[in-house]
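Engineer: With the hints as constraints, model all of the structure from the sequences given.
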Amino acid sequence: MLAFIIRRLLQSIMVMLAVGFIAFSLFNFVGDPVSLMLPPEATAADREEVRKSLGLDEPFYIQFAKFVGNALQGNFGISLRLGRPVSQLLIERLPATLELAMTAALIGLFVGIPMGVYTALRRHSVTSKILLTGSLIGVSLPNFLIGIFLILIFAVWLGVLPSFGRGDVTHIGLWSTGFLTISGLKALVLPAVTLGLFPVTLIMRLVRSEMLEVLRTDYIKFARARGLTNRSVHFGHALKNTLVPVITITGLQLGGLIAFAIITETVFQWPGMGLLFIQAVQFADIPVMAAYLCLIGLIFVVINLLVDMLYYTVDPRLRISRAAAGGH
Amino acid sequence: MNKHSALARFLDGDIWWSFKQNKLVMIAAVAALLCLFASAFAPLVAPHNPFDLKTLNLLDAFTPPSWTAAGKSQFLLGTDDQGRDILSTIMYGSRVSLVVGICAVLLSMLIGITLGLISGYVGGSLDAFIMRVADIQLSFPAILIALLIDGVARVALPKGMHDQVAVYVLIFAIAASGWVQYARTVRGSTLVERNKEYVQAARVIGRKPLAIMFTHVLPNVTGPVMVLATLHVGTAIITEATLSFLGVGVPPTQPSLGTLIRIGNDFLFSGEWWITVFPGGALVVLVLSINVLGDWLRDALNPKLR
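In order, the protein sequence lines correspond to chains A and B. Throughout the first sequence, residue numbering follows this note's numbering, covering 1008 to 1335 in sequence. Throughout the second sequence, residue numbering follows this note's numbering, covering 378 to 683 in sequence.
Just to be clear, a hint being listed does not mean it is correct.
[Stated by the list, open to error] Only part of the chain B face toward chain A is listed, based on derived beta-carbon distances under 10 Å:
1) ALA618
2) THR619
3) GLY648
[Said to hold, decoys possible] No more than 25 Å apart at the CA atoms, straight line, and that leaves these computed lysine to any residue pairs for SDA-like:
4) B:LYS400 x B:LEU605
5) A:LYS1136 x B:LYS431
6) A:LYS1136 x B:PHE644
7) A:LYS1247 x A:SER1216
8) A:LYS1073 x A:PRO1092
9) A:LYS1059 x A:ASN1082
10) A:LYS1136 x B:MET403
11) B:LYS397 x A:ILE1137
12) B:LYS400 x A:LEU1143
13) B:LYS400 x A:LEU1148
14) A:LYS1228 x A:PRO1121
15) A:LYS1193 x A:GLN1276
16) B:LYS400 x A:LEU1139
17) B:LYS431 x B:LEU453
18) B:LYS400 x A:ARG1130
19) B:LYS573 x B:GLY501
20) B:LYS449 x B:PHE646
21) A:LYS1193 x B:PHE646
22) B:LYS431 x B:PRO420
23) B:LYS400 x A:SER1135
24) A:LYS1136 x B:ALA408
25) B:LYS397 x A:THR1140
26) A:LYS1136 x B:GLN398
27) A:LYS1228 x A:SER1216
28) B:LYS585 x B:LEU568
29) A:LYS1193 x B:PHE644
30) A:LYS1136 x B:VAL662
31) A:LYS1193 x A:ILE1098
32) A:LYS1193 x B:GLY648
Since the hints were made in silico from the structure, they are not lab data. Yeah, the Cβ is synthetic: ideal placement off N, Cα and C, and Gly gets one too.
Structural biologist: So this is what it looks like as structure tokens:
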């Protein structure tokens, strides 16, 4: 167990170093940091001064080590577009994105699981077929288009929900939340539904196929033979066993949701990290791009690591196959 | 083996039969062909040329679709903010979308198949390295990687130059975000083929590894790749539309469907819904029909499902 954790941890550190290296090269080679920081009328002596102060005259590996050191302390420099420290900007925007992604994941679980169970138990009903076809169409549609159509229907034509921004937010320490005000909750509905549609279809399909598989197993037949009610067999025995993969997949999806939030946030002008990133791309704001890249990389690596370890503890079969495949 | 007999064999074969059995697939094929035709011959069939500034009249701007009260008969689906006919911009736009999508898939295939062949045939630490990179890339969403490559190119290239090469950058970004699937599939099949007798025979007569990979192994591993590619075209078109919608895709001088939707999005609130809805609908029809065809092809070519 310990060896496995250490190996995965080393792997994660390697991935983070690779991501950090990309961010670092973005910073130092793609854009010229000296001309980014100086006014155009600066002299050659000024440029040399700045080069020295930034440590650009030092060898490459020392520069990279310094970059990693700064990144570990959360220091990514100053946004070129907004003129404020990048870490501060990201911390301000983080709650908005996390609240959006969390709500979308919860919608995925609470809508997807019942739909999955229903389509598995009533396989041939008309509703099941509609749900399955609908989910196929939902997956083929580009996410931003769903957002636009929702805005058109609920904000423009019906005028019942706001289409941009977060509404009123309450500040609790560093965290700003939209959960506590009516306008904040109303503003959350459309973006969260847009972002949640993909996890809903994914979880529904996953639960359905897992349920169908479990319902065929011997212990379900045995439970029926014991004379348990349908309700107890379906929900007490079958559903319980499908939930482990569902929860891990949802966990894995959380990183994807935070990344996909870029699109949803642009459609709804949701003031989160994704909107900050896309504006940084449009304005070639390299420090923000680099920092966002590192943060997203970190989120993905941590989620993957946790899910791997969870699998390892939950599923004993994995330990054997890992040990067998460990040689390669 | 003349052409006629090949056609006759195709019409008599399983794939054509399964095509005729499935109404949804036939509808999708008609829709896809229609989109393909309308975009390929856009200069001939489009009612207006939306990029010919001489024919544009700002007085025509924001004309609603022709069946509404304020509509004009010459603009079937209405006009946008510059008086361009929506139907024509959709035809020209889906042209850009299709070209970018298909080119991206071809480039992605080229990268993925080459790396997969090398990885599977050569093996060893090279294989381990390529698959490691593939694993890492697979743990990030494709759209994020495409966005990143596009963003880097935006910073690296001088401003004026970027607009000219934006389409190529976009194709490369989408291709680079999708090669992993091809590489994995090809590597898997290559590992199987590598030990077969015909490969050993080729090695014995002294053919070079590269020649063996591309002339002997490649033809035997392309089957599954074709199915992947069909489904990938749909994904690539969505990725392109998404990037263009986010404002980092093709420049507005060469609007794709995504750019058109982005333009229309600004007028959603002033009631000009048709500028967004029709390009959006076109995108949905295009992607949906390609996906239905890809799904069907996967099932039709899979002997286990027959």
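Engineer: Run every hint past the structure and note whether it holds.
Structural biologist: Going through the hints against the structure:
no., hint, verdict
1, ALA618, "holds, 6 Å"
2, THR619, "holds, 6 Å"
3, GLY648, "holds, 7 Å"
4, B:LYS400 x B:LEU605, "holds, 23 Å"
5, A:LYS1136 x B:LYS431, "violated, 52 Å"
6, A:LYS1136 x B:PHE644, "violated, 37 Å"
7, A:LYS1247 x A:SER1216, "holds, 14 Å"
8, A:LYS1073 x A:PRO1092, "holds, 18 Å"
9, A:LYS1059 x A:ASN1082, "holds, 19 Å"
10, A:LYS1136 x B:MET403, "holds, 20 Å"
11, B:LYS397 x A:ILE1137, "holds, 24 Å"
12, B:LYS400 x A:LEU1143, "holds, 17 Å"
13, B:LYS400 x A:LEU1148, "holds, 21 Å"
14, A:LYS1228 x A:PRO1121, "holds, 22 Å"
15, A:LYS1193 x A:GLN1276, "holds, 15 Å"
16, B:LYS400 x A:LEU1139, "holds, 18 Å"
17, B:LYS431 x B:LEU453, "holds, 20 Å"
18, B:LYS400 x A:ARG1130, "holds, 22 Å"
19, B:LYS573 x B:GLY501, "holds, 19 Å"
20, B:LYS449 x B:PHE646, "holds, 22 Å"
21, A:LYS1193 x B:PHE646, "holds, 18 Å"
22, B:LYS431 x B:PRO420, "holds, 16 Å"
23, B:LYS400 x A:SER1135, "holds, 20 Å"
24, A:LYS1136 x B:ALA408, "holds, 23 Å"
25, B:LYS397 x A:THR1140, "holds, 21 Å"
26, A:LYS1136 x B:GLN398, "holds, 19 Å"
27, A:LYS1228 x A:SER1216, "holds, 18 Å"
28, B:LYS585 x B:LEU568, "holds, 18 Å"
29, A:LYS1193 x B:PHE644, "holds, 23 Å"
30, A:LYS1136 x B:VAL662, "holds, 21 Å"
31, A:LYS1193 x A:ILE1098, "holds, 24 Å"
32, A:LYS1193 x B:GLY648, "holds, 22 Å"
Checked against the numbered hints given earlier, the structure breaks hints 5 and 6 and satisfies all the rest.
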